[in-house]
Amino acid sequence: MIPMSWYLIFSAALFAIGLYGVMARRNAIAILMSVELLLNAVNINLVTFWRYRTPDRSVGLAWAVFVLAVAAAEAAVGLALIISVYRNRDSVIAEELDLLRN
Amino acid sequence: MDIMELLKSLLELDLGGYLQSVGTAVWVINLIGVLNLATACMIIVIFLIWLERKVIARMQDRIGPNRVGGKYGLLQSVADATKLLSKELITPAGVDRIPYNVAPVLIVVASLLTWAVIPLAPGVIGVDLNIAVFFVLAISSVSVVTFLLAGWGSNNKYALLGAFRAVAQMVSYEVPMIVSLLVPILLARSMSTVDIVEAQGIPFIVVVPLSALIFFISALAETGRTPFDLLEADSEIVAGFHIEYSGMKFAMFFLAEFLGTLFMSAFFVVIYLSGYRFFGVEELMIGGLHIGALLGFIVFVVKVFLVYFVFIWIRATLPRVRIDQLLNFNWKFLVPLSLVLLLTVAVMDKLFLADAAQIPKAAVLMVTNIVVGWVTVELLRRRDNDGQTAVSPITEEAVTAH
Amino acid sequence: MFGLEFDQIFFVLIAAVTLGFSVLVVTMRNLFHAALALMVAFLGVAVTYVTLGAGFLAMAQLLVYIGAISILIIFGIMMTRRIMSAEEEPFNGQAGLAAFTAVIFFAFTTYVFINYWPAVPAVSPLAMAPEVDPAMIDNSVVLLGQAFVNPNAYVLPFEVASVMLLAALVGSVFIAKPRIQEAEA
Amino acid sequence: MLDNWQFIAIFVLFAPLIPGAAIGANWLLSPKKPNRIKQETYECGVEAVGSSWIQFKVQYYIYALVFVVFDIEAVFLFPIAAAYGLLGAFAVVEIVLFVLILVAALAYTWGDGSLEWV
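Protein chains in written order, with the working numbering: chain G, 3 to 104; chain W, 282 to 683; chain F, 347 to 531; chain V, 67 to 184.
Hints listed in this document are in silico derivations from the structure and should not be mistaken for laboratory results. Treat the hints loosely; a few may be bogus.
Said to hold, decoys possible - Keeping only pairs whose Cα atoms sit at most 30 Å apart, straight-line, the calculated DSSO-like set for lysine-lysine is:
(1) W/Lys-613 <-> V/Lys-123
(2) V/Lys-123 <-> F/Lys-523
(3) W/Lys-335 <-> W/Lys-368
(4) W/Lys-364 <-> V/Lys-123
(5) W/Lys-364 <-> W/Lys-352
(6) W/Lys-335 <-> W/Lys-352
(7) W/Lys-631 <-> W/Lys-642
(8) W/Lys-352 <-> W/Lys-368
(9) V/Lys-98 <-> W/Lys-368
(10) V/Lys-99 <-> W/Lys-368
(11) F/Lys-523 <-> W/Lys-368
(12) V/Lys-99 <-> W/Lys-364
(13) W/Lys-335 <-> W/Lys-289
(14) W/Lys-613 <-> W/Lys-631
To be verified - Here chain W is said to cover these stretches of chain V; the calculated rule only asks that three of the stretch's residues, wherever they fall, bring their Cβ under 8 Å from a Cβ of chain W:
(15) 79-91
(16) 129-136
Glycine included, each C-beta is placed from N, C-alpha and C at the ideal position.
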């Protein structure tokens with residue numbers, strides 16, 4: 003038997019790692035990958051609460067599936083943007099994409 | 282330890298039940314099951330390679346393997362495997378070591394793992410998951426990744442190009458496969474393979490023939506068989522993503538292909554040909570002995586080999602298509618058709634056939650399927666006659682390619 | 347071992363592997379290797395779902411994250427080509443600050459979990475999973491299917507999800523497609 | 067549920083042994099005589115030019131995009147199909163609407179010419 007808090011701490015750790023990636027990486031695709039880690043951490047929480055609090059209903063599962071859909075849409079659009087930007091600016095480094103500056 | 286009980290359990294294909302009754306731990310039983318399943322798969326594949334070469338040879342008016350192991354060359358594939366064992370494992374310079382070495386292992390693991398949810402006989406199944414069909418789809422989507430691993434790891438333009446093509450083909454044909462699989466699940470009201478077999482009083486190939494056809498075509502493409510064997514089109518991309526592999530590492534890709542094809546035959550049998558069922562023979566009891574289990578297993582094996590024979594037959598008959606034809610055929614013909622079919626069956630099932638008895642329901646669904654298929658073909662013919670380039674049925678497509 | 351039960355050891359193992367590979371994801375210079383590490387992390391999360399009894403979601407994780415999103419990411423990496431440039435600095439100027447923030451976040455959340463969670467007083471954070479009929483866990487997939495089309499549950503998000511997918515596909519195809527004038531220029 | 071997955075877990079642990087043993091035996095038995103020419107990347111008889119990690123066209127990405135959309139669709143539709151016997155007539159309308167919206171997505175990419183192999 004595994005206490006609920008183990009899952010929650012595991013998910014918090016995953017979220018923290020993803021957070022670090024989002025803030026520290028320069029490459030836009032690496033940032034996108036870190037965002038996927040964040041969404042996974044959220045999903046672990048949703049499923050944990052489903053199993054420990056409402057196993058007789060499908061609340062947590064349903065929202066986890068919606069998060070899955072959102073993650074897929076986010077990755078699709080994000081990568082399309084990155085490819086487009088790369089084609090126009092020849093760079094995928096987030097800091098160098100400062101078209102709106104000046 | 283009662284030897285009679287043991288013999289009885291063996292005849293009923295219920296070794297697990299016997300072991301449980303003498304108090305063996307569940308994980309030991311599971312381990313024995315895994316060992317049986319994996320070993321059986323390997324032995325059958327060795328036999329299959331021989332069978333395929335022999336059948337193809339006959340269809341092309343040749344003799345095929347006839348030297349090693351007697352008149353029929355039965356040991357030919359054993360000899361081939363032994364030869365491969367003594368080949369040098371060349372690791373080209375500049376490979377990306379981890380992906381390069383993981384890919385051949387992972388692809389075999391993925392194609393073995395799907396066997397866990399195939400019901401081989403009544404009560405004989407690795408594990409009766411309630412989401413078995415979904416499990417199969419998930420595992421086969423993992424095997425797509427191995428192509429990228431191999432292609433990237435090889436440090437070779439052709440390998441990477443081949444991997445990209447393979448992935449484009451695999452992901453494309455996964456869509457009609459998923460959608461056509463939804464139809465039998467909808468009719469059986471369950472994702473468990475056992476439930477699907479049990480729901481087939483009338484085999485689903487009779488009830489929804491169009492869905493079976495779409496599944497079969499996408500299974501051909503998923504396993505990279507002719508006419509969709511662009512993955513290893515020797516003349517174009519020199520064998521594709523596994524070009525830089527040699528010896529047993531190469532053989533693993535080969536093995537996975539055969540395992541995958543055999544699995545697709547078995548999966549087709551389970552989903553559309555009512556698995557181990559054959560006019561109630563699987564429930565036969567003789568003198569308190571459930572002999573039907575053994576008979577059901579034989580029925581299952583015979584059905585699987587019949588489907589596999591069709592795979593070989595198609596390989597011997599049809600030439601390879603081009604990649605643009607392959608992708609157009611999928612996205613502009615199979616996917617729309619499977620979606621239309623799914624919607625039609627869903628609406629018919631709920632709105633008109635909710636209270637219908639089994640046989641009228643099956644008849645109506647079959648007629649619906651045939652009408653949908655006929656209308657599609659008719660529409661395509663009209664478009665072709667208008668002089669536009671349209672996607673023609675598969676055979677014409679293949680013929681024009683050459 | 348350390349007074350842990352078998353499933354606890356298993357959980358710790360899976361959690362360690364997942365976290366280890368996610369650290370690799372955010373630190374590796376070679377983006378392709380980072381994407382591979384990401385796949386292992388996804389796999390670890392899928393196994394976590396299985397230990398929680400959510401087999402369907404675990405398979406959905408394999409199908410969507412490993413089978414689709416990872417492939418998208420790898421395609422994206424291949425198309426933007428800046429992969430083998432090991433000399434390039436992977437981190438920006440605020441890496442130290444980012445690490446600090448992440449650690450603070452983790453420490454704070456864990457502190458809250460252990461001391462103040464949950465708001466419902468009857469449930470301790472060390473609560474075990476409630477004993478339920480395995481059939482109920484199995485049945486959760488059917489419940490999920492019903493909930494998606496139940497007007498009192500998730501019909502709206504369900505339909506909105508399909509509209510979102512439509513928008514995402516149209517948008518990303520429009521963005522990613524090479525413009526014709528661009529090709530001519 | 068967990069007992070079911072135990073079989074899969076044992077399978078996952080055991081299955082790598084088969085290819086592992088085959089490759090291991092090969093490694094033990096095979097000659098090991100690497101040389102520079104043998105280890106060169108294969109390129110139809112000519113020396114390999116440039117890095118193999120070249121850039122690829124965007125067409126592959128677009129196919130993967132459409133695939134992702136239908137993958138998500140599957141995740142939604144599989145539980146619904148499994149629960150189909152318990153659903154009312156209204157559910158059919160919702161499912162048809164859901165699928166039609168995705169068909170619109172397919173139709174857009176079709177009309178846009180994005181599905182053409184160029």
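Broken hints, numbered, in rising order?
4, 11 and 13
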